[in-house]
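Please put together the full structure from these sequences, using the hints given.
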Amino acid sequence: MAATATAEAPVRGPMTPVPYRVVSRAPETGDTWTLLLEPLADPVVPAPGQFNMLYAFGVGEVPVSTSAAPDPSGILVHTIRDVGAVSHALISSKPETVIGVRGPYGTVWPLEEARGRDLVIVAGGIGLAPLRPAVYHALANRDEFTSVCVMVGARTPQELLFIRELEDWRGRFDVDLDVTVDNARGDWHGRVGVVTQLVPRAPFDPATAVAFVCGPELMMTFSARALLARGMPKESIYISMERNMRCGLGHCGHCQLGPTLICRDGPVYRFDEMEQLMEVREL
Amino acid sequence: MKAIPDVHEAHLTHPAPTVIDLDGLHALVGVLRDRGYCVVGPTRRDDAIVYEEIASADELPVGWTEVQEAATYRLERRDDEARFGYPVGPHSWKRWLLPARVRLWQARRADNGRTRFVEEPPPERPFAFLGVRPCDLHAIAVQDRVFLEGAFVERDYAARREGAFLVAVNCGTPGGTCFCASMGTGPRAESGYDLALTELVGEHHRFVVEAGTERGEEVLGDLMAQPATTEDVDEALRVTHEAVALMGRHVESFDLRDLLARNVEHPRFSATAERCLSCGNCTLVCPTCFCTSVDDVNVLHDGGAERWRRWDSCYSQEYSYIHGGSVRPSSRARYRQWLTHKFGTWVDQFGTSGCVGCGRCITWCPVGIDVAEELASIRATDGEVDHANN
Amino acid sequence: MRTIDELVAESPVFEGLTSEQLELIAGCAQNVGFEAGERMFREGDPADTFFLVRKGRVGLSTHAPARGSVVIETLDPGEIVGWSWIFPPYVWHFDARAVDDVRAVAFDGACLRGKCESDNALGYELMRRFAGVMIDRLLHTRLRLLDLYGRDGDS
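Protein chains in written order, with the numbering used here: chain S, 1 to 283; chain B, 1 to 390; chain X, 1 to 155.
Rather than coming from a laboratory, the hints here were simulated on the basis of the structure.
The beta-carbon is built from N, C-alpha and C at its ideal position, and this holds for glycine as well.
Worth double-checking, as some hints may not be accurate.
Output of the computed footprint for chain X on chain S, the stretches with three or more beta carbons under 8 Å from beta carbons of chain X [said to hold, decoys possible]:
1. 119-127
2. 153-161
3. 172-183
4. 196-203
5. 216-229
Restraint-style ranges between C-beta atoms, simulated for each label pair [said to hold, decoys possible]:
6. X/Thr141 with B/Gly150: 43 to 51 Å
7. B/Asp386 with X/Asp136: 30 to 38 Å
8. B/Gly351 with S/Glu112: 21 to 29 Å
9. S/Glu113 with B/Asp258: 24 to 32 Å
10. S/Glu167 with X/Ser19: 46 to 54 Å
11. S/Arg281 with X/Gln30: 47 to 55 Å
12. S/Glu112 with X/Gln30: 49 to 57 Å
13. S/Pro95 with X/Gly78: 48 to 56 Å
14. S/Ala85 with X/Tyr124: 54 to 62 Å
15. X/Pro65 with S/Pro200: 29 to 37 Å
16. B/Gly325 with S/Ala229: 26 to 34 Å
17. X/Ser118 with B/Gly325: 49 to 57 Å
18. B/Asp386 with S/Glu112: 37 to 45 Å
One side of the interface only, derived from the structure: several residues of chain S facing chain B at Cβ under 10 Å [claimed, not checked]:
19. Met15
20. Val18
21. Ala56
22. Val86
23. Leu249
Written as structure tokens, this is what we have:
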């Protein structure tokens, strides 16, 4: 019997993107844009906390978290900051541009875990984008939580994301939103200070609350400490980690942080699982 | 030192081993080629024994052996005509299952504006690997765990692996840097092969053959194999029994994962990093190192694009690059990453050790960094902390 | 409506002081109010007062040429505003303005300074507590210095 080279090839290999079309793009700040994407083939439906690998034709791929509620039709919303060649190509993509999408990958914000409890959201800078789907879920299912408290920090008022939505949330009676900026000019009449300063006075019960924290790693560490100082147990705090990713599949090795693969075991982690790893420099 | 089991207590895995002679070995290569396999086996090139496609058993390194030590590799003539009288050279089978550079797909914009991603077809011919050492068999299994047994299957690896025919060769001549016995991966192949050979050199130069699969049995059926006698079996067992005592290195492999997890700030990492060149040789020659990266390129002449997958190494600066910097800028951090991953966190990530004791990293490190020595040193000074560099 | 004595006794800043010390401090205090936008103190003026905010928010700011008024920090009810009264040259380093309508307890810093000179035990206690307030503010300021949300993130 002659040797056969291979068994049935899979329908689509996991490194092959699904084509998507840019429907629109809108600037959030000077260097951050939100893309609305529509599938040209199979839909990709990420849950809050998950990410997709977005491919800019001929340039490369980067992991980007979803920043909208899951849409079964496959419509995607991704808020992307211009920090390199690929992200630059993505945010420069005009409507009708075809890009590639692979996903969804990773772990989710544990909204089930937070049912029946106070939900606390702490967002720093671009960290608000991966948390927005959690806020959407909370507002759409408000009965599931005893209270919803959102704290947002940004560098300057001009760098606040989703300003219009923040103003809407601020106007609601069923969510407590506080916003602060690190630096401001004379035309800002809101709060000035670092987001960790909002934690001591935020209206939630530390004994029973669940917190989702997202932003630069140092910001998450300090925010977690502020939450712990208020009496929250480590097991009730969740963060979203990030490392270099080349595949999203657990095959390329790049996203390792000690014993964990962030694309597979994260990006959302419970703080007690991550705390010691985050303390080791250059791990 | 582990106790060497009494040779009379050991037995071959297969209940009915057979024997072939040198003609049989020739025939084996021929049969595999006739069945459409690309036969890859050890051969001499550039003063090393490497794995290349071979057309006949004549191309095997007849009567050659390797002398290996830390930062040392050379070939020497044996005083017999053994076909497999050496351990492992710089190549491993990942060269064929996970090639250094492979195209994954091409993206084309069709006339109607639609974009199609055309995946690369698998290689035309399946591979038959002749001369897979037990350590390397385990290495293949370790990579199978990564690429085939996770949530996602690596398409190219699966295609190459699926049809691959493995002819293992048990070890009679371990090398100066070998420690498969410490890692429980050799010198005898227990499973994971289609055929396993034990070479018996001497007056009657022959091979004891065990079939590990139906496919192996079938190929064996074409080879005029004779049933193995008790003497054949005893001699085969003695070969690998004696090989255990000839291992060049020994590693206390007990509890390595926990040892390394609690010694993340050990001073040994900075000390050794002073010698480490971050050249990445160890990751190139290691049969289990699997890290890759992708190159997304434009194809200028037709407006298309391609994605290529290539080997990468945790020793490179850009490996851990995010947010305008590398997470592991120092060579200490990168050396620590490699060692602790290989022997420690690999267990957390994939449920097995990443090391199979082949010794290649010791042989091919230009400054002779020796993982056996490294691990022994950390074990001997368990708990020491590097206050200056952490 | 709480009395000054009650506020002082309950404030974490004065926790652990003896009732005599609390009485002394409360004795140097009075209720004050500022309308939204009203300046509470001016950079460069003598600093003889500090405040415990009861209601409303206070913005610390400075004036930078071509930038205008730059808010340094927003302080909330329950927080202490002003530590320049306790260290020479006893001069305000920043402006403070009421962001909303503010109700606060104002403490006579000049008087307390005198008391600290003669009663070193009290002096030590107040110095320790104000050092704690400053350490807290310093930590937050350093976090902002790190410019964590800047283009290069936390590198």
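Hints, one by one, checked against the model:
1. Chain X is given as covering the stretch 119-127 of chain S, and this holds because 3 residues of the stretch bring a CB closer than 8 Å to a CB of that chain, at least three being needed.
2. With 4 residues bearing a CB less than 8 Å from a CB of chain X, the stretch 153-161 of chain S meets the requirement of three and the coverage assertion stands.
3. Under a criterion of three residues with beta carbons nearer than 8 Å to beta carbons of chain X, the stated coverage of the stretch 172-183 of chain S is upheld, 3 such residues being counted.
4. Coverage of the stretch 196-203 of chain S by chain X holds. Counting CB-CB distances below 8 Å, 3 residues qualify, and the rule asks for three or more.
5. Look at the stretch 216-229 of chain S against chain X: 5 of its residues bring a Cβ nearer than 8 Å to a Cβ of that chain, three or more, so the hint holds.
6. Look at threonine 141 of chain X against glycine 150 of chain B: about 45 Å separates their beta carbons, and that is inside 43 to 51 Å.
7. Judged by the Cβ atoms, the range 30 to 38 Å given for aspartate 386 of chain B and aspartate 136 of chain X holds: they are separated by roughly 32 Å.
8. Checking the proposed 21 to 29 Å range against glycine 351 of chain B and glutamate 112 of chain S shows it holds: the Cβ atoms sit about 27 Å from each other.
9. In this structure, glutamate 113 of chain S and aspartate 258 of chain B meet the distance hint of 24 to 32 Å, their C-beta atoms being roughly 30 Å apart.
10. Distance hint check: the CB atoms of glutamate 167 of chain S and serine 19 of chain X are about 48 Å apart, consistent with the given range 46 to 54 Å.
11. Between arginine 281 of chain S and glutamine 30 of chain X the CB atoms are about 51 Å apart, so this pair conforms to the stated range of 47 to 55 Å.
12. Hint check: glutamate 112 of chain S to glutamine 30 of chain X, Cβ distance near 53 Å, so the stated range 49 to 57 Å holds.
13. Separation of proline 95 of chain S from glycine 78 of chain X is about 50 Å and conforms to the stated range, judged on CB atoms against 48 to 56 Å.
14. Under the hint 54 to 62 Å, the C-beta atoms of alanine 85 of chain S and tyrosine 124 of chain X, about 59 Å apart, fit the expected range.
15. Separated by about 35 Å at the C-beta atoms, proline 65 of chain X and proline 200 of chain S satisfy the suggested range of 29 to 37 Å.
16. For the pair glycine 325 of chain B and alanine 229 of chain S, the beta carbons lie near 29 Å from each other, so the given range of 26 to 34 Å is met.
17. Distance hint check for serine 118 of chain X and glycine 325 of chain B: the Cβ-Cβ separation is about 55 Å, which falls inside the suggested range of 49 to 57 Å.
18. Against the hinted window of 37 to 45 Å, the Cβ-Cβ separation of aspartate 386 of chain B and glutamate 112 of chain S comes to about 42 Å, which satisfies the hint.
19. Here the hint on methionine 15 of chain S is kept, as its CB sits about 5 Å from the closest CB of chain B, short of 10 Å.
20. At a threshold of 10 Å, the smallest CB-CB gap from valine 18 of chain S to chain B is about 8 Å, leaving the interface hint in force.
21. A distance limit of 10 Å between C-beta atoms decides the matter here; for alanine 56 of chain S the minimum to chain B is near 8 Å, and the interface restraint holds.
22. Checking valine 86 of chain S against chain B by beta carbon gives a least distance of about 8 Å; that is within 10 Å, so the hint holds.
23. Here the hint on leucine 249 of chain S is kept, as its CB sits about 4 Å from the closest CB of chain B, short of 10 Å.
Hint check: no violations occur; every hint is consistent with the structure.
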